[in-house]
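Based on these hints, arrange chain B on the given structure of chain A.
Here is what each chain is made of, one letter per residue.
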Amino acid sequence: MTRKKTKKVVVVMPAYNAARTVIDTFKEIPQKYREQVILVDDQSRDNTVAVSNKLGIKTFAHPNNVGYGGNQKTCYWEALKLNPDVIVMLHPDYQYDASKIGDLIVPILNGEFDYMFGSRIKNRGMALKGGMPKLKYYINRLVCFVQNILLGENFSEYFSGLRAYSNRLLKIVPFQRFSNDFVFDQEMTISAISYNMRIGETPIITRYHEKQSSIGFFKGVKFILDGFGTISRYLLHKAGIVNDKRFAPGRVKKTFRLKIILSLSFLALINIFVKPSSSQNIWLEIFVFSQSALLLFLIEEKLQNALLRKIVLLALPILVSIFVVGSGIYKDTFKVTNFEKNQLWVRQELYRRELGLLGRSNFGNKSIENTKLVLDKITQKITESYELNHYFSTEAFSFYPLFLLPLFALGFLFMLAEKIKLVLYCLGLATIGAILIPPDMTYWLFIPLINLGLLLGVKNIKNLLKVKKE
Amino acid sequence: MNKFQKLILIVVVIVAFILRIYLLNRVPAGLHADEASQGFNAFSLIKTGKDMYGKSFPILFRASGSYQPPIYTYLTIIPTIIFGNSIFTVKTVSALSGVGLVLLTYLLISRLLPNSKKEAVTLGLITAGIVAISPWAIHFSRLAVEANLGVLIFVAGVYWLASSLKKISLFPLACLVLGISTHAYYSERVITVLLLAFVVIIYRDVFLKAKKTAILGLGIFTLTLLPHLFLLATGALTKRLTQVSYLGTVSQGGLGYVGKVLEIGKQFINHYLIYVSPKNLFFDPGSSLGRTTPDLGVYYPWMLIPFLIGLGYLFKNRQNNFFKIIGVLLLIAPIPAALTGDLFYPLRTLDYLWVIALVISLGCWVVWRKINNKWVKLLVTLGVVGYSLIVFGISYFVIFKYELAIGSGEPYVKLMSVLDRYRGRDVRVDFSSRAWGVGIRMTYLKTVDPRFVQANLKSQLKTDYYSQDVNAQEIFKIDNITFEPLDWEKACGPNLILVGDELSFSLQQILEHKLQEEFTVPDYLGKPILFGYSTKTVCK
Chain A
1 MTRKKTKKVV
11 VVMPAYNAAR
21 TVIDTFKEIP
31 QKYREQVILV
41 DDQSRDNTVA
51 VSNKLGIKTF
61 AHPNNVGYGG
71 NQKTCYWEAL
81 KLNPDVIVML
91 HPDYQYDASK
101 IGDLIVPILN
111 GEFDYMFGSR
121 IKNRGMALKG
131 GMPKLKYYIN
141 RLVCFVQNIL
151 LGENFSEYFS
161 GLRAYSNRLL
171 KIVPFQRFSN
181 DFVFDQEMTI
191 SAISYNMRIG
201 ETPIITRYHE
211 KQSSIGFFKG
221 VKFILDGFGT
231 ISRYLLHKAG
241 IVNDKRFAPG
251 RVKKTFRLKI
261 ILSLSFLALI
271 NIFVKPSSSQ
281 NIWLEIFVFS
291 QSALLLFLIE
301 EKLQNALLRK
311 IVLLALPILV
321 SIFVVGSGIY
331 KDTFKVTNFE
341 KNQLWVRQEL
351 YRRELGLLGR
361 SNFGNKSIEN
371 TKLVLDKITQ
381 KITESYELNH
391 YFSTEAFSFY
401 PLFLLPLFAL
411 GFLFMLAEKI
421 KLVLYCLGLA
431 TIGAILIPPD
441 MTYWLFIPLI
451 NLGLLLGVKN
461 IKNLLKVKKE
Chain B
1 MNKFQKLILI
11 VVVIVAFILR
21 IYLLNRVPAG
31 LHADEASQGF
41 NAFSLIKTGK
51 DMYGKSFPIL
61 FRASGSYQPP
71 IYTYLTIIPT
81 IIFGNSIFTV
91 KTVSALSGVG
101 LVLLTYLLIS
111 RLLPNSKKEA
121 VTLGLITAGI
131 VAISPWAIHF
141 SRLAVEANLG
151 VLIFVAGVYW
161 LASSLKKISL
171 FPLACLVLGI
181 STHAYYSERV
191 ITVLLLAFVV
201 IIYRDVFLKA
211 KKTAILGLGI
221 FTLTLLPHLF
231 LLATGALTKR
241 LTQVSYLGTV
251 SQGGLGYVGK
261 VLEIGKQFIN
271 HYLIYVSPKN
281 LFFDPGSSLG
291 RTTPDLGVYY
301 PWMLIPFLIG
311 LGYLFKNRQN
321 NFFKIIGVLL
331 LIAPIPAALT
341 GDLFYPLRTL
351 DYLWVIALVI
361 SLGCWVVWRK
371 INNKWVKLLV
381 TLGVVGYSLI
391 VFGISYFVIF
401 KYELAIGSGE
411 PYVKLMSVLD
421 RYRGRDVRVD
431 FSSRAWGVGI
441 RMTYLKTVDP
451 RFVQANLKSQ
461 LKTDYYSQDV
471 NAQEIFKIDN
481 ITFEPLDWEK
491 ACGPNLILVG
501 DELSFSLQQI
511 LEHKLQEEFT
521 VPDYLGKPIL
531 FGYSTKTVCK
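Which chain is which? The protein sequence lines are A and B, in order. Residues 1 to 470 in this note's numbering are what the first sequence spells out, letter by letter. Residues 1 to 540 in this note's numbering are what the second sequence spells out, letter by letter.
Pulled out of the complex, with its shape left as it was, chain A reads as follows:
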């Protein structure tokens, strides 16, 4: 009980045209939390400010409309001036049960959480019973499901208009950098996640009614897309590819981003210039570049984000499959012609003569003979694609000029030393692909790996010269 006396709670209400609902909302706030209530009006067209003032709420009015996010920025800015322990954000549209504020803030006051959601969707019955439209409910669920996967969280919803934050959270999370639009809430959540804030949920009743404010269809779509946009930026930030100040500073330095850009440019350059002139095919270019880039993402030590890794590991076979389908399956590999059967005949005679009964039973069986012929042809195709001379030599058919070979060798050795499983995975993928497609296309499946070898060769020259003390 003593805690309640010492801890200060501020309720903030970002309002826009809320004159009709603000009274009900305010009255529902438990008495003990009504002392510190802030309402920020975002240039409402009704008399929200007047109603608010009448209720004795500390009211601020924007001189012009800045948006939902902009409104909240003022809310928190003003709330922080009061140095509260907990800040509760409550939509003044009477959709959320304000009497539950007590339940919402207890975990924060107890120091268990920094951020509490009032979740309307703890179970389907409650949400739909409360009047939430079915379409809205299912979209909410679907979006929440996907976002949970992307963020690695397990929330029941992301869109609630009743939330509570600790003072510490609002001082750490750079909310002033967030959007002024509806996506502000999403940014707040994702940024809090990036700062490792502890986030919890408590169930609340949904209460849909005619007076409440509602986001329009197009704005709703934009809101959801913005949400995913923010998540993508966050993942890229986490992976070190972009540096987004909305999120906790990554371990990755700015220079690393530059390196990635340089690496990608290098791959693009190699892709354009280093190949036989006969193969200027834009789809091939795109395939080789995208696969090289994917490999780069896999191999770079600083990009070892588990989710990204999984995505790339899955994307590689998909890309190879697309290439295989695009190149057309080479049926001759699996077809045995009479000519080939005749060629085998002399050897079969030898087997029969030398191995007697064993030779007769094993090599006289038609299906085994055919299998052996097909296996021979598969081996032949693999053999061809493992011919180094085809990739590096002074001959006209060679894909790369010979002087690049030492660079590739160096890069490939680094790959083997550090990422052997990955190299085997990629070689395996390329080999399977090479068996399936026409012989003249097989080399293209190995080119991305060679591109990467060249890139790593360039990057690791100085590492080679480094001498470790034994």
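Fair warning: there could be bad hints in the mix.
[Stated by the list, open to error] When the alpha-carbon atoms are kept at most 25 Å apart in a straight line, the in silico DSS-like pairs for lysine-lysine are as follows:
(1) A:421 - B:377
(2) B:324 - A:419
(3) B:316 - A:462
[To be verified] Derived coverage of chain A by chain B (criterion: at least 3 residues anywhere in the stretch with Cβ under 8 Å from a Cβ of chain B; other residues may be distant):
(4) 384-394
(5) 402-414
(6) 419-428
[What the hints assert, rightly or not] So these bits of chain B aren't anywhere near chain A, every CB distance computed over 12 Å:
(7) 11
(8) 24
(9) 56
(10) 81
(11) 180
(12) 237
(13) 240
(14) 256
(15) 335
(16) 462
(17) 488
(18) 496
(19) 529
By construction, these hints were calculated from the structure, which means they are not laboratory data. Even for Gly, the Cβ is constructed at its ideal location relative to N, Cα and C.
This is chain B only, laid out in the frame that chain A set:
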């Protein structure tokens, strides 16, 4: 080393021995001309102290229009004394070198690996096992080739060289053995010099601390190279290189000397690449059956994966002394072969193939360590070894003897007994480029008196014994049989027996000279290969 490991080592050596000795006189069939030269020179040395040209204890043996490094021939003296002249005798040194290499590889790895003793022994056993069952190691151990002895001596040198980094007093011994290896095969002449130079430069700190020993070692090495200097002056040393290399034949491309250097550089890298190409090492059998086994590369295809893993491991641990030497060897070992113009010629690069075996073993060992269950380990090992041996067995012991038979002159070996029926008649055997070395083969197997051969061949020497210009296709004579190119102007007359292959006699010639078929000699498959005709008419 515990009892179980000892048992494994014994099994590995026995397997290696069986794979190298079993049916040695029958598979591969026949006897190559070079093998026959080595055998006969050894025989001639025992009887007369001179080689077949009458040269006393040569430092390089003249044979088949070129020269053979001497050590193999000198060592063949021992089996010749024991077993007499036979196909088995001449291959004994090579086969035993192959077994020796397995054992030496085990010693080298188990004693020099930087890891714990237990791990070193395990890796040593794996490496010995890989060398024991590798197609190239078995293939060349079953041919009387100097290169197979060369690799054994060279590996012994590497063993002492690597040991000398810890115990410098072993350095002179290492230099002596490496020096001797240069007399065993051509490739070692280049590799040993490069390896020693690398090691001395990289570990100069070690050698600077013991200057006297270092100088002594290098002095011994230089001494062993002195015979080469003498041979260099005569032109005999580089005879083989000029025969097989592109160095003298590259075009200048209009750029004069610079153009030639550029072209040589280009050729060199292109040829070097052939030896590092996974295709050649693990898959492609190559076109020449004298080089590999049918349908098998120098290594089994599955070995590509441990090779890549091993390469990664080697590179990761490249700062370690032992692995550094292995890495350097991996780089320099293909150089001699890359200087020759052939597409892929494993015989010239056995040292390199041995290093590859080490890398494959490293990869196997990395995988081995990751498997925790001993039953899974056993199953995987038996599966892989079993598969390899079955594949090799079918390729080598079933198909190979048929497909190489003609190349190694097997029909000519059969011909010897056929010709016994014509003792009283003048027999002329066509000696063309298709039937290389037919004379020396029969001379060796028939144990012809060396003095007679020496007198015959000495008279045919057109240049000094050691010379850049070595005439080939000498005429051999054994009693009533003459081996010479068929000359229709001379080779006719009543009662002659003419022997040759199907290209030696055209239908027109048979009709014109009224030749009558006396006999045919079939190949392994039963197809007639050699034909014997008797002449009826006098010369036209």
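**Message:** Minimum C-beta separation from residue 180 of chain B to chain A exceeding 12 Å: can you confirm that?
**Reply:** For residue 180 of chain B, whose nearest Cβ neighbour in chain A is about 32 Å away, the distance exceeds 12 Å, so it holds.
**Message:** Verify this label for me: residue 335 of chain B is non-interface relative to chain A, using a Cβ-Cβ cutoff of 12 Å.
**Reply:** holds (15 Å)
**Request:** Grab the minimum beta-carbon distance between residue 529 of chain B and chain A and tell me whether it stays above 12 Å.
**Result:** holds (16 Å)
**Prompt:** Quick one, are residue 421 of chain A and residue 377 of chain B close enough, alpha carbons at most 25 Å?
**Reply:** holds (20 Å)
**residue 462 of chain B and chain A, when compared Cβ to Cβ, separated by more than 12 Å** = Per Cβ check, residue 462 of chain B is outside 12 Å of chain A; nearest 40 Å; holds.
**Request:** Take a quick look at residue 496 of chain B and tell me if its Cβ sits farther than 12 Å from every Cβ on chain A, holds or violated.
**Result:** Residue 496 of chain B clear of chain A: closest Cβ-Cβ about 36 Å, beyond 12 Å.
**Message:** When I compare C-beta atoms, does the stretch 402-414 of chain A have three or more residues closer than 8 Å to chain B?
**Reply:** holds (count 4)
**Message:** So if I understand the rule, the pair passes when the alpha-carbon distance is 25 Å or less; does residue 324 of chain B with residue 419 of chain A pass?
**Reply:** Answer holds: residue 324 of chain B to residue 419 of chain A is near 21 Å, not above 25 Å.
**Item:** Minimum Cβ-Cβ distance from residue 240 of chain B to chain A exceeds 12 Å
**Value:** holds (25 Å)
**Message:** Confirm or reject: residue 81 of chain B is not an interface residue toward chain A, with every Cβ-Cβ distance exceeding 12 Å.
**Reply:** About 35 Å separates residue 81 of chain B from the closest Cβ of chain A, which puts it past 12 Å; holds.
**Message:** According to the definition I'm using, a residue is off the interface if its beta carbon is farther than 12 Å from all beta carbons of the partner; does residue 488 of chain B meet that for chain A?
**Reply:** Consistent with the label, residue 488 of chain B stays out of reach of chain A, its closest Cβ about 35 Å off (over 12 Å).
**Request:** Over 12 Å to the closest beta carbon of chain A is the bar; see if residue 11 of chain B clears it.
**Result:** Residue 11 of chain B is indeed farther than 12 Å from all Cβ atoms of chain A, at 25 Å.
Violated hints: none; the structure is consistent with every hint.
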